[in-house]
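Construct all of the structure, not just a fragment, from the sequences and the given hints.
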Amino acid sequence: MPALGDVLEGKEVCICAGSGGVGKTTTSAAIAAGMAARGLKVCVLTIDPAKRLADSLGLKELDNTARRVDPKLFAKQGVEVEGELWAMMLDAKATFDELIARQAPDEESRDRVLNNRIYQQISSALAGSQEYMAMEKLFELHTEGEFDLLVLDTPPTRNALDFLDAPKRLTQFIEGKSLRMFMKPTGLAAKVAGRGASVALGIFKRIVGFDLLADLAEFFNAFSGMVDGFQARAKRVNKLLGEPTTCFLVVCGPQGEPIDEAVYFHRKLVEAKLPFGGVIVNKVHYPAEDLENGSEDLPAALGEKLGDEDLAQRVAANFSDYQALAERDARNIERLAKELRTKGVIRVPYLDEDVHDLAGLAQVNRYLFATGEERIAMAAGRS
Amino acid sequence: MAVALGLRAASEGKRTIVCEVSSQENASRMFDHAEVGFHEVEMEENLWSISIDPDESMREYVLLQLKVRAMRDMLFRSRIFNYLAAATPGLKELVTIGKIWELAQLDRKVKQGRKYDLVIVDAPATGHGIGFLQTPRTFAAIARVGPIHSQAQQLDRLITDHDHTGTAIVSLPEEMPVNESAALEQELRDEVGVAVDRIYLNGLYPERFSKAECERLGELAGGENGAVRAAARAAVSEHQRARSQRAQLARLRRRVETPVKTLPFLFEPELGPEAARRLSRRLG
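Sequence order for the protein chains is A and B. Per numbering that gives the first Met the number 0, residue 0 is the first one in the first sequence, and the count goes up by one each step. Per numbering that gives the first Met the number 0, residue 0 is the first one in the second sequence, and the count goes up by one each step.
Hints in this document: simulated from the structure, not taken from any laboratory. There's no promise every hint is true.
[As the list claims (entries may be wrong)] Below, computed lysine-lysine pairings styled on DSBU-like, alpha-carbon distance capped at 35 Å:
#, chain 1, residue 1, chain 2, residue 2
1, A, Lys-204, B, Lys-108
2, A, Lys-40, A, Lys-71
3, B, Lys-114, A, Lys-204
4, B, Lys-210, A, Lys-282
What follows is the structure in structure tokens.
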């Protein structure tokens, strides 16, 4: 795989996907910082409701507005940022509200939607709305054209499918074609469609309670004037995802399970004909370099140097534990590369210090953006 | 973690079932078992596993609600019913929690259902987990009447009743997971209203070397070549990790009210039932 800087050359949207706990948020932030260092105006968006990105960028709070990360913070880490780094944490409810306000033909329809209880539930409390709205915000920012590059941190993989389907599902929901037909007061359509459908509706009413149904009906009625607008928008969002200026990066860890998920997600991307850019494996245990000389009797060699048998044994045991992990990682990454039919995989080592601040980001960055030779040199420099 | 807890309970003689809600099938994979799907499958003595699929749960729920076979067959074929079921926000989560509740009943609704002493749920990750547990309450608020309303209320009561339900937070000894766990503890307690019984800090490195030893190894790492240098470096690296993890552990303990229990990092290429068993012995 070519260096990340080249992969992202000329891209306008970079979407980082992967399962939870693999450092996706950190990676997104590091990518954004790296591209900002290369002179671009970059904004990183997170839809993870846990406030991880704010933590890693040293921002007190992120809300639905983009905030610039103070360049002085980077200067302190010895990183010169030629461009600008901005960060935003998505507020799904506020984004949805804004969208309604924009799409509504008049104030009255807007308020009818905003005050509808079904709407209030889908826009805030219930799972799935984050995905819907991340796409929307991404699209909005892209249309406004304020930034050279947008980096999106997505929710964990099992949700990533929801995420890809979000625009389609949203419009299908709002359209509610079959349902609205039966909601009409005349009930004529129900008669035309036959008894089965109306009985089904009746049973559903009985199970979920009439009020919910009435709220749903009200929701669809209130939305009816906006359906076309939503459909058109969803189409454009989908188009944006498939553009050659968009790039999907799969982020994972070196253990078997995250690798499986990365493979799964890659397959879904290919099926959906979305532009796959590459895969990044975080927290990799690197194997030790050149072990041909004298690894057979390590405890003895260590004992001689240290003059302490007990310590030598412990050092050797620790080393063999690490080697086992490094071998596992290498095997898993090989499998990943094979499954993805990709030449290379970007590896970020398991660093001695936990990455949670700009210093850590700068360190991750060196690995992410290294060219081929630099990467080999860095790998050799580590144990 | 969920499996380790399950093994522990099972070894104490409790009939236990581990429920997964994201179709990831980690449990069956761990035991090298074929995928279990929406079936209660025995993994070990006293330990069962199920992967709860919302569509299957919905189906089962309707089957239990409607006694007339012709009616339910018609219902499942009906496009409008499927649409409504898909369109109703949170219904998926609700029927999933409903199934968990059903598993926990001693008087099972499912015919010839096994009775369990303990139901362990491998819940979704932090942000989504909160929403998941709140579903019954939000649902009870939208459906003001009808069977779902009262059932949703019943589910919410189950979740918030500490005699029956408790949560365990699983964290890692790193900066961000510690922050998240502290925030999660507060949200679970104050917003969802569910009790937090224990926080498990997983993957803690052993302290294999003293500071003085580490200094000597640091010198060795600078001077030697080959395997000796690599081994010395690995030891220094381990020491630094172990120390920074101890600092995170201390920070977590300061920030939460719930007792924190640590679990060791397992230096094993793939975690199988043996590893889970060893972890389970460290629980309690």
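Tested hints:
At most 35 Å may separate the alpha-carbon atoms for a hinted pair to count; Lys-204 of chain A and Lys-108 of chain B meet this at roughly 22 Å. Of the pairs offered as hints, the one joining Lys-40 of chain A and Lys-71 of chain A holds, with about 16 Å between alpha carbons and a cut-off of 35 Å not exceeded. Note on Lys-114 of chain B and Lys-204 of chain A: the hinted pairing holds, with a Cα-Cα distance of about 32 Å set against a maximum of 35 Å. Between Lys-210 of chain B and Lys-282 of chain A the alpha-carbon distance is near 25 Å, which keeps this suggested pair within the 35 Å criterion.
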